[in-house]
Every structure is written in structure tokens, then in C-alpha cells.
Amino acid sequence: MKSRFLTLKPSGARIQIVEAGKGKDLLYLHGAGGHMPNDPLIAALASKYRVVAPLLPGYGQSTGEDGVRDMLDVTLHALDVLEALNLKKPIVVGHSMGGMVAAEMAAIAHTEVTKLCLLAPAGLWLDDHPIADIFSKLPYELPGLLFHDSKAGQKLLTSGVNMEDPEFLNEFLVMNARRLGMAGKILFPIPDRGLAQRLYRITAKTLIVWGREDVLIPPVYGDAFKRAISKSRLVRIAKAGHAVGQERPAAVLKVIRDFF
Amino acid sequence: MKFTWFHLMPWPHMPDDFREKHRSVWVDLPSKMYEPERGHGIYHQYLDQLEFAESVGFDGIGVNEHHANAYGLMPSPNIMAATLTRRTSKAALVVLGNSIALYNPPLRVAEEFAMLDVLSGGRLVAGFPVGTSMDTNYAYGTIPALTREKYAEAHDLIRKAWAADEPFAFNGRYTKLRYVNCWPKPIQRPAPPIFIPGGGSVETYDFCLDNTYSYSYLSYSGYLRAKLLMEGYWKRVSERKADESPYRAGFAQVICVADTDAEAERLYGPHVNYFYNRCLHVYPGFADAPGYRTIKTIQTGALSQFTQAAARDYPSMTWKDLVDGRYIIAGSPETVRQQMEELIKSLRVGNVFCLMHIGDMPDDKVRHSTKLFAEKVMPHLRNLWPDWNNHDDRFWVHPMNERVSLKVAAE
Numbered sequence: 103m104k105s106r107f108l109t110l111k112p113s114g115a116r117i118q119i120v121e122a123g124k125g126k127d128l129l130y131l132h133g134a135g136g137h138m139p140n141d142p143l144i145a146a147l148a149s150k151y152r153v154v155a156p157l158l159p160g161y162g163q164s165t166g167e168d169g170v171r172d173m174l175d176v177t178l179h180a181l182d183v184l185e186a187l188n189l190k191k192p193i194v195v196g197h198s199m200g201g202m203v204a205a206e207m208a209a210i211a212h213t214e215v216t217k218l219c220l221l222a223p224a225g226l227w228l229d230d231h232p233i234a235d236i237f238s239k240l241p242y243e244l245p246g247l248l249f250h251d252s253k254a255g256q257k258l259l260t261s262g263v264n265m266e267d268p269e270f271l272n273e274f275l276v277m278n279a280r281r282l283g284m285a286g287k288i289l290f291p292i293p294d295r296g297l298a299q300r301l302y303r304i305t306a307k308t309l310i311v312w313g314r315e316d317v318l319i320p321p322v323y324g325d326a327f328k329r330a331i332s333k334s335r336l337v338r339i340a341k342a343g344h345a346v347g348q349e350r351p352a353a354v355l356k357v358i359r360d361f362f
Numbered sequence: 036m037k038f039t040w041f042h043l044m045p046w047p048h049m050p051d052d053f054r055e056k057h058r059s060v061w062v063d064l065p066s067k068m069y070e071p072e073r074g075h076g077i078y079h080q081y082l083d084q085l086e087f088a089e090s091v092g093f094d095g096i097g098v099n100e101h102h103a104n105a106y107g108l109m110p111s112p113n114i115m116a117a118t119l120t121r122r123t124s125k126a127a128l129v130v131l132g133n134s135i136a137l138y139n140p141p142l143r144v145a146e147e148f149a150m151l152d153v154l155s156g157g158r159l160v161a162g163f164p165v166g167t168s169m170d171t172n173y174a175y176g177t178i179p180a181l182t183r184e185k186y187a188e189a190h191d192l193i194r195k196a197w198a199a200d201e202p203f204a205f206n207g208r209y210t211k212l213r214y215v216n217c218w219p220k221p222i223q224r225p226a227p228p229i230f231i232p233g234g235g236s237v238e239t240y241d242f243c244l245d246n247t248y249s250y251s252y253l254s255y256s257g258y259l260r261a262k263l264l265m266e267g268y269w270k271r272v273s274e275r276k277a278d279e280s281p282y283r284a285g286f287a288q289v290i291c292v293a294d295t296d297a298e299a300e301r302l303y304g305p306h307v308n309y310f311y312n313r314c315l316h317v318y319p320g321f322a323d324a325p326g327y328r329t330i331k332t333i334q335t336g337a338l339s340q341f342t343q344a345a346a347r348d349y350p351s352m353t354w355k356d357l358v359d360g361r362y363i364i365a366g367s368p369e370t371v372r373q374q375m376e377e378l379i380k381s382l383r384v385g386n387v388f389c390l391m392h393i394g395d396m397p398d399d400k401v402r403h404s405t406k407l408f409a410e411k412v413m414p415h416l417r418n419l420w421p422d423w424n425n426h427d428d429r430f431w432v433h434p435m436n437e438r439v440s441l442k443v444a445a446e
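As given, the protein sequences belong to chains D and H, one line each in that order.
Quick note on numbering: the numbering used here labels position 146 of the first sequence as 248, and the sequence is numbered without any gaps.
Quick note on numbering: the numbering used here labels position 405 of the second sequence as 440, and the sequence is numbered without any gaps.
Hints were generated in silico from the structure; no laboratory data involved.
These figures come from a predicted structure and were not determined experimentally.
Heads up, a few of these hints could be off.
Stated by the list, open to error - Listed next, the in silico DSSO-like pairs over lysine-lysine satisfying Cα-Cα at most 27 Å (straight line):
#: 1; chain 1: H; residue 1: K262; chain 2: H; residue 2: K355
#: 2; chain 1: H; residue 1: K331; chain 2: D; residue 2: K239
#: 3; chain 1: H; residue 1: K67; chain 2: D; residue 2: K239
#: 4; chain 1: D; residue 1: K328; chain 2: D; residue 2: K307
#: 5; chain 1: D; residue 1: K356; chain 2: D; residue 2: K190
#: 6; chain 1: H; residue 1: K411; chain 2: H; residue 2: K400
#: 7; chain 1: H; residue 1: K262; chain 2: H; residue 2: K276
#: 8; chain 1: D; residue 1: K239; chain 2: H; residue 2: K56
#: 9; chain 1: D; residue 1: K307; chain 2: D; residue 2: K126
My request is simple: use the sequences and hints to build the entire structure.
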């Protein structure tokens with residue numbers, strides 16, 4: 103995996119782009135936690151595709167978060183990045199918050215996004231199935247929320263660092279404030295910014311993927327997305343939690359390859 | 036010196052096993068614990084105590100705003116202050132304050148504060164807190180990373196609304212009003228004195244200095260731990276070449292006075308324990324929503340006191356620990372006087388917000404402690420800032436000269 107940088111005009115925001123692999127273009131939009139260390143999903147996708155994975159302002163080394171305040175800002179930012187990257191009809195893959203952004207892009211610019219893959223996307227709210235409040239969680243609570251196998255998940259999240267270590271916690275606090283501070287603009291306090299009323303506009307061929315054991319955004323949301331997007335297919339992956347792509351990278355790669 | 040008797044208005048009936056049964060006193064504590072019929076008497080007892088504080092000579096009486104909080108039962112402090120305008124006549128009404136980012140439109144604060152200032156004959160001190168993360172983000176749903184921008188815009192609107200004599204249009208990012216027209220307007224011109232509760236960010240120091248507002252550190256962990264933060268403030272005051280009036284700053288302190296040190300422990304120990312172990316039992320996940328604090332503030336290590344409280348081991352702290360560590364100032368009038376003097380001089384504060392109703396303290400003890408403080412402590416602390424004639428016009432109220440005398444209907 104390599105990183106390069108893209109400067110957007112006129113904002114001057116400097117965007118970190120992670121790239122890996124060869125093949126057809128695939129744009130990957132991360133979730134609220136950003137990329138994981140040596141992200142297993144990016145690694146798996148890179149075995150068959152040219153993966154281009156920009157980091158949202160506030161994530162990694164990307165800057166410019168102060169000028170991005172709401173859903174439209176985020177969506178237009180992502181479309182600006184897509185345009186600047188000059189990709190050829192990419193498959194647009196988004197996980198969780200990134201899925202929400204990808205769906206918004208496909209709804210607003212439906213002629214530009216023609217292949218869409220949503221991995222446990224955020225963006226809808228069902229009163230009977232409330233989504234967990236990630237903002238009030240403490241670091242040690244996250245693995246259980248994100249993974250079916252929380253022990254293995256914790257290793258993936260931290261690459262083995264001790265989560266009780268004060269230095270780790272201090273760094274985590276700053277990183278977390280930047281990342282989730284940005285994420286909060288579209289996810290806090292309820293991760294719904296009206297996507298439901300725009301989903302009908304999506305004309306892309308759409309694959310929806312959900313971990314059967316997702317406790318953060320329950321799998322029932324998969325049905326809601328499926329119903330609202332006309333050319334869509336829903337696939338459930340066994341023994342996977344919310345971070346379905348990181349927990350079952352090979353399975354997710356396979357369903358993407360089969361579908362597109 | 037100006038002494039403000041400050042009420043938090045806690046719910047005094049949280050059970051003994053509260054900590055075991057509930058993760059937080061704030062945000063998600065089920066409201067079935069609140070009993071409205073009992074609440075009726077409690078509110079009136081608390082208001083009586085504020086009125087009593089005026090009668091024994093406190094300069095100000097204070098209320099504040101919290102939401103979904105069992106230790107702060109004033110979602111609207113303005114309602115409390117309104118009742119006090121009718122039953123008090125001398126004390127400043129210190130509303131510390133209204134979380135201006137939460138009002139929609141924030142013009143509501145300009146209007147209500149103006150009402151209070153007019154009702155009280157110019158006795159309002161207006162507080163403009165950002166609000167804690169528990170209140171602002173978790174209970175009231177404001178997006179953490181946008182809270183400060185929203186706050187700044189609300190402040191701008193309120194000051195313009197008070198200053199203007201004609202209607203004007205306000206095109207903000209968060210509030211758009213074609214006709215801003217604040218009826219009534221405050222008696223105190225151009226505005227009542229304004230106090231800003233802060234927690235150690237440089238931005239807030241500068242905000243106070245830019246606008247001639249008094250910086251108030253509302254801590255529950257005592258003056259020793261406040262020293263570093265207040266030194267940061269005074270350093271900034273000096274860097275900015277502003278004058279060093281002690282009235283630029285205030286500090287909140289838990290205070291208990293009895294005839295002797297031993298008597299203080301006997302009388303107040305259980306209530307102090309209730310306060311630190313039940314009232315301050317806040318789930319750390321609610322203390323600091325990501326984005327609420329600026330990155331700069333986090334990097335300087337100024338954690339919220341609730342994050343610190345979570346890390347601190349209140350349950351294992353004894354009365355002696357709390358007294359020796361000066362979390363609380365408690366003891367005989369002489370003990371309290373000495374420590375108060377140390378607090379006032381070491382933090383360089385002209386305002387002290389005295390927390391004298393503590394946790395589940397019954398009325399007779401509240402009055403006993405309050406009276407002893409007013410009679411045997413306060414007089415000895417009055418003249419600690421002679422260079423400033425013990426008053427700074429910029430940071431205190433300006434009541435109108437000839438006010439109407441109030442007649443209570445029942446009399």
C-alpha cells in the first residue's frame with residue numbers, strides 16, 4: 103500500500119490517497135474508524151483491483167475538516183475527489199459511514215456512479231432497530247461492537263498495542279477526536295441525514311453486503327436498503343460483524359467479483 | 036471580594052446502591068427515579084435557601100443549566116431566577132448561565148436575560164457557557180465539532196440584539212432572522228456583566244479578554260488542582276497586556292462551615308460523600324464527545340473534569356482525603372477562613388461561587404453552614420484586594436436607583 107496526496111481547489115484541503123493493486127479501478131470509502139492498520143479489506147481487494155482509498159478530512163493525514171460541515175459538503179467533497187482521481191468507471195465501495203457517503207454520491211450524481219457496493223452502510227434509521235451510539239463508547243468497547251470475533255478484532259484494530267497503555271490512550275484521544283469529530287457531522291446524534299428520501303435516485307447496479315452478526319447496524323437495515331434501491335442485491339456473510347470486510351476479506355472480495 | 040451563593044439543585048434521593056445500579060447520574064439515568072410530588076417541596080426549599088443567602092449578606096445568588104442530570108435539576112435556570120427577582124432585592128442574580136448554542140433561535144437568550152434584568156432592576160449577571168458535553172451533545176444533540184462555531188455565532192447575535200436600537204437582519208450559518216428586534220432590552224447597558232465558564236482552553240481565555248468578560252472556573256475538585264489552569268489564564272492576561280483585576284476571574288468551591296473541624300466532619304461528611312460518589316458518578320463515555328474539545332485543547336492535556344473524575348477514585352476517598360487535598364474547604368470558621376484566603380490569593384479571583392448546599396444536605400445544615408460563613412468567615416475576606424477597592428465596575432451588576440417596592444400578594 104502506498105500513499106500520495108491530492109490538493110483540492112479552491113479549499114486547499116490536502117487529501118491522503120492510499121493506493122494498492124492492479125486491475126479495474128475500485129474506489130474505497132472507509133467507515134467512521136478510518137483505515138485499520140494494514141487494512142485487511144484493502145489488501146484483499148488489491149489482489150484483483152486497483153484500489154484507490156482516499157481518507158476523509160480529519161482522517162490520517164487528510165486536512166480540511168473545518169470547511170466540511172454537513173452531508174452535502176461531505177458528498178460534494180467525495181465527488182470532487184472522485185473527479186480529481188480521474189478513475190475509469192470505478193466500482194464505488196463504501197463501508198458503514200463510507201457506505202452512507204457512497205450512497206449519497208450515487209443518488210446525487212447517478213450518472214457518474216454506475217457500480218456501487220455498500221458494506222453495512224449507515225444512513226437509515228429504523229425506530230424499532232436503533233443503531234448503537236458509537237460516540238459514547240470507550241475504546242475497550244469497540245471490538246465487541248465491530249467484530250463477530252472480538253478478540254481477533256481487537257488485534258486488527260490496534261495491531262497488538264495494549265489498549266490500557268496511557269500513551270496509546272492519549273494518542274487515541276487526539277486521533278479519535280479528529281476522526282469522530284468529523285464523522286459526527288453526518289452521524290451524530292442519529293446517523294440519518296435524509297438519505298431515505300434520495301435512495302430512489304440510485305440507478306447504479308448495487309451490491310449490498312451485511313455481516314450476519316452485525317450488532318452495530320443490525321442486518322435488518324440490509325433489507326431496507328435493498329427495498330429502496332431498484333437494481334440491488336443483498337448478500338449476507340456468515341460469522342461476520344459490522345466490520346464485515348475486515349473480518350471476512352476473502353468472502354467479501356468473492357461476492358464483489360461475482361456481482362460486478 | 037464578591038461571594039455568590041450557588042445552588043446546583045441536586046436530586047437528594049438517589050439510593051445507596053446508586054453507583055452499582057446505574058452507570059451515570061447524567062444523560063441516561065431513568066427519570067422514573069424523579070418523584071414530582073417530592074420535587075415540589077425540594078424546589079421550594081432550594082429557592083428558600085437562595086433567598087436566605089441574600090438575607091445573610093451574600094453578594095450574589097447563583098443558578099445554572101443542566102439537562103438529563105440528577106444533580107442539576109435546572110434545565111431552565113431562567114425560571115428559577117425569575118422567581119428570585121420577586122423575593123430578593125439586593126443580591127446579584129448570577130445565572131451561570133444559558134448554554135447559548137442550544138437555543139433556537141439564540142435570540143431567546145437575549146430576550147429572557149433582558150426580561151430577568153428588567154424584572155430584577157438591573158441585577159442580572161449573564162453567564163454564557165458552551166455547556167458540558169453531557170448537556171450540549173448527548174442530552175441536546177448538538178453536533179460536537181460544530182458546537183463552538185454555533186456558540187460563537189449565538190454570542191454574536193445576542194450582543195448585537197442587545198446593542199441595536201432598530202430591527203436588523205442576521206444571516207448566520209446556524210440562525211437566519213429577517214427581523215432581529217429584542218423586546219425588552221436589558222437595563223444594564225450595553226449589556227449585563229458577562230461571566231464565561233471555562234475549562235482551560237486558550238481560545239476561551241482570549242474570548243474573555245477580547246470582550247471584557249469574567250472567566251469562571253467551575254470545578255468540583257478544589258483550588259489546589261485549579262492552580263495550573265488559573266496560572267495559564269493569568270499568564271495569558273499578562274501576555275495580552277490587560278490589567279490584572281482579580282474580578283476577571285472566579286472559582287467555584289465546595290465549602291462547609293461548623294463550630295469546629297470535627298463537628299464539620301460529623302455534620303457534613305455524609306452529604307459530601309453523597310455529592311462526590313453519587314452526584315459526580317458520570318459515565319466517562321459521556322464526558323467528552325469526540326469533536327467537542329478542540330484538538331489544541333486536548334493536546335495541552337486539559338481533560339474535562341468529568342474525565343478526570345472518572346479516573347480519580349472518589350469512592351475510596353475519605354473525608355480526610357477530601358479535606359487534606361482541598362477538594363472541599365471544610366471546618367471551623369478559622370480553618371475555612373485560612374483556606375479561603377489561600378484560595379483567593381493563589382488563584383487571584385475576585386469572585387467565589389460558594390457551593391454550600393451539598394448533595395443531599397438537609398435544610399437546617401445548609402442554613403447553619405451558610406450563616407457561619409456569612410457571619411464568621413466572609414467579613415474577614417472582604418478586603419483581600421484593596422488595590423482594586425474590592426470592586427470592579429466592569430464585572431459586577433449596576434442596579435437601577437429607584438426600584439419599585441414589591442408587595443407579596445398574600446401579605
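The hints, checked one at a time:
1. Between the alpha carbons of H/K262 and H/K355 the distance comes to roughly 21 Å, so the proposed pair stays at or under 27 Å and holds.
2. A distance of roughly 22 Å separates the Cα atoms of H/K331 and D/K239; the hinted pair therefore holds under the 27 Å criterion.
3. A threshold of 27 Å between alpha carbons decides the hint, and for H/K67 with D/K239 the separation of about 24 Å falls inside it, so the pair holds.
4. Our distance criterion of 27 Å between C-alpha atoms is met by D/K328 and D/K307, whose separation comes to about 12 Å.
5. The hinted pair formed by D/K356 and D/K190 meets the criterion: a straight-line CA distance of about 21 Å does not exceed 27 Å.
6. A C-alpha spacing of about 16 Å is found between H/K411 and H/K400, which places the hinted pair at or below 27 Å, so the restraint holds.
7. The straight-line distance between the Cα atoms of H/K262 and H/K276 is roughly 21 Å, inside the 27 Å bound, and the hint therefore holds.
8. Between D/K239 and H/K56, the direct Cα distance comes to roughly 19 Å. Compliance with the 27 Å bound is thereby established for this hinted pair.
9. Taking the CA atoms of D/K307 and D/K126, the gap is near 16 Å; set against the 27 Å cutoff, the hint holds.
Hint violations for this structure: none, all hints satisfied.
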